[in-house]
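Enquirer: The primary structure of each chain is shown beneath.
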Amino acid sequence: MSELSVNHLLGIKYISEADIHLIFETADHFKEVINRPIKKVPSLRDITIANLFFENSTRTRLSFELAEKRLSADVINFSAASSSVKKGETLIDTVNNILSMKVDMVVMRHPNPGAGVFLSKHINASIVNAGDGAHEHPTQALLDCYSIRERLKDVAGKKVVIVGDILHSRVALSNIFALQKLGAEVKVCGPKTLIPKYIERIGVSYEKNLRSALEWCDVANMLRVQNERMDISYFPSTREYTQQYGVNKALLDSLGKEIVVMHPGPINRGVEITSDVADSKQAIILEQVQNGVAIRMAVLYLLASKIQHNEN
Amino acid sequence: MSLLLLKSATIVDAASKHHLKKRDILIENGVIRKIGASIKNEKAKTVTLENLHVSQGWFDSSVSFGEPGLEERETISNGLRTAAHSGFTAVAVNPNTNPVNDSKAGVQFLMAKGEGNPVNLYPVGALTVRSEGVDLAELYDMHSEGAIAFGDYKHPVENANLLKIALQYAQNFGGLVQSMPMEPSVARKGVVNEHVNSTLLGLKGIPSLAEELQITRDLYLLEYTGGKLHIPTVSTRAGVKLVREAKKKGLDVTCSVSVSNLVLTDDRLEDFDTNYKLLPPLRTESDRKALLKGLKDGTIDGVTSDHNPIDIENKKTEFDHAMFGSIGLESCFGALNSEIGTEASVAALVALKDRFGIDSNLIEEGSTAELTLFNPDHDYVFSEENILSASKNSAFLGVRMKGKAYGIYSNKKLVLNS
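Top to bottom, those sequences are chains V and C. All residue numbers for the first sequence refer to our numbering, where the first residue is 2 and numbers rise by one. All residue numbers for the second sequence refer to our numbering, where the first residue is 4 and numbers rise by one.
Incorrect hints may appear among the rest.
[Said to hold, decoys possible] List time: in silico SDA-like cross-link candidates among lysine to any residue, alpha-carbon distance up to 20 Å: (1) K416/C - N162/C; (2) K318/C - I124/V; (3) K193/V - G193/C; (4) K318/C - T95/V; (5) K192/C - N228/V; (6) K188/V - K198/V; (7) K122/V - K46/C; (8) K319/C - P112/V; (9) K46/C - K415/C; (10) K207/C - N228/V; (11) K319/C - N278/C; (12) K318/C - N228/V; (13) K198/V - G193/C; (14) K198/V - S188/C; (15) K198/V - S289/C; (16) K319/C - N98/V; (17) K192/C - P112/V; (18) K10/C - H381/C; (19) K193/V - S341/C; (20) K122/V - H324/C; (21) K299/C - S341/C; (22) K319/C - I268/V; (23) K207/C - Y235/V; (24) K122/V - N278/C; (25) K318/C - P112/V; (26) K167/C - Y227/C; (27) K198/V - K207/C; (28) K198/V - D270/C.
Derived from the structure by calculation, the hints contain no laboratory data.
All chains should be modelled from the sequences, with the hints used to inform the complete structure.
Expert: Shown next, in the form of structure tokens:
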């Protein structure tokens, strides 16, 4: 198979295991490319991509933009806080206005779950979901799994714990779907206030104790405490959160085995993980960032080739 | 003098001696003059329809028509036309208009708009001023003008003492108080049922706990105050259980269920289709089964379409931004009949009349003719062409159903689908 089964990347939920492997294999190639002296390839020379960010983002936007530029795509950027869009123009109108300038692909981040799915039904362009509310963030999950594969050779059979705010996290949900598709076992860990009540019904177990979770796992994915996403208080203070769910070097060293520590960034140093953990060789946080570009190049390349294929 | 003859109509009216019999019905000046195996009358206008069934006129205890103020969603005249074509001879119109119907003037406006229509329009007055949940509205004044019940539509009464006072106050004139079964601090900003699907979709959930807590509170209040409470649109297994126990205790409580909750589940949400964004939300199969059982054993008193037209601008948008609600009049009978059968459907669509103080007219000689004409075997897929409402937001689009209204005879007028 050399083609994705989908025309959009709206979520991991909507793609197959074979799609994921194809993206990984394509990313392997692009990872080699971006480590060359000349990091650019002409693959998307005649493709125009709009990055539409209806919610703040720095690293995801930069990563996509870099991926697009390394593929020689033409890139336009649009940023708007959701509030200013809400004032007047609808999402469909905003996007159609941009598409009327002959744009082929849309990379969109949006605060509402399902925004990408909604858009895909009403516009004529290939959509990459760069995060939609608490729904999915598929490229993050792909790069996370890709990084696990790189470090541990394979994802299948591995034990992964996702720690932190699962309730508000698109990263958690996409990771769960991707890890399950690739044959990993997934646990979530965090204060019960931040765990969806029915999480076990989607094949994920819950562990309330961080040490037990870490003793069980091969990989710990430490999510950021997203205070900006919480409209009420789910725990009394960051201090208390850290006491129960923060990973420090002493805890890591006491496990009697070497686990891999991941973080989707940006890190709150001293909250989810301490600096000495973040900077340790067990942490693969910067590898994740680097792999992010390769994964996004792969996704854009594979989706664009479907556009070209459809047009021919 | 007008004469109308309905030929070969199967009468579905458990209280009538003609129940389930095929009869000719002669109507003279709005009164059933004669019911017989074969009536001949050359002066009468004769109606012959395939597989014609006739029942008492159906009543919907919760419809919204947007007027005044929200005419882009629906007008009263087209709303009543939709009701008539869907088989309803009586509708209770919610106060969720702009301004909110919280005064005598609002009730008078609606009554005047409904005057002379084949469908009887009964206003539901707001329980609190502007439905804000702070001060009691002038319930007696609205009652005197024709409001048949009081409630703030989908706004729960947050203040327990206010509901207590409302239940006490309305007793003086036998007023029926409605309370939306949803505890707002638990429901919060939820948009769908909290369960597996909300987890998979990353959508904020409304736990069934919110309904359970509010019904529990309201029943305790009712026990304390006495009075008449109607709980509109129960949606959970726990909610049904609470009402069942309260009825056993002898409390004067009734409840309804929305046909959407009776037929559909939150599995429909998969695609973020905003037509399934409803309040109460679509729940699980387990809840649905409990609702069916509750309806069957009489815990749930009747079925409403919970008809709520929403303009496309408020539906064709991101799921979080879309408004709650679905139209329901047009699909109500078909969806219900497919699920629970004809006799039970008819019973569920007339049962709440008494509770809301509306006369029931038996299908007997000498009775006022207020009839629904329908074909319970009409098999079709509900699609946009079946929608008569100004807004097209139906949760039943694409659903295969059996049963369709031909129309009504009511207020001396015959309304038939073309």
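Enquirer: For every hint, state whether the structure bears it out.
Expert: Checked hints:
1. K416/C - N162/C: violated (45 Å)
2. K318/C - I124/V: Holds, at about 16 Å.
3. K193/V - G193/C: Distance ~18 Å between K193/V and G193/C Cα, so the pair holds.
4. K318/C - T95/V: Status holds; Cα separation ~17 Å.
5. K192/C - N228/V: Measuring from Cα to Cα gives roughly 17 Å; hence the hint holds.
6. K188/V - K198/V: holds (14 Å)
7. K122/V - K46/C: Given that 20 Å is the threshold and the Cα spacing comes to 57 Å, the pair is violated.
8. K319/C - P112/V: Holds, at roughly 17 Å.
9. K46/C - K415/C: Holds, at about 17 Å.
10. K207/C - N228/V: holds (17 Å)
11. K319/C - N278/C: Distance of about 9 Å is within 20 Å: holds.
12. K318/C - N228/V: violated (30 Å)
13. K198/V - G193/C: Judged against 20 Å, a Cα distance of about 14 Å means the pair holds.
14. K198/V - S188/C: holds (17 Å)
15. K198/V - S289/C: holds (17 Å)
16. K319/C - N98/V: holds (17 Å)
17. K192/C - P112/V: holds (14 Å)
18. K10/C - H381/C: It holds: about 18 Å lies between the C-alpha atoms, which stays within 20 Å.
19. K193/V - S341/C: violated (42 Å)
20. K122/V - H324/C: Measuring from Cα to Cα gives roughly 17 Å; hence the hint holds.
21. K299/C - S341/C: holds (15 Å)
22. K319/C - I268/V: Roughly 37 Å separates the two Cα atoms, so the pair is violated.
23. K207/C - Y235/V: holds (15 Å)
24. K122/V - N278/C: Holds, at roughly 14 Å.
25. K318/C - P112/V: holds (18 Å)
26. K167/C - Y227/C: holds (8 Å)
27. K198/V - K207/C: holds (12 Å)
28. K198/V - D270/C: Holds: K198/V and D270/C sit about 17 Å apart, inside 20 Å.
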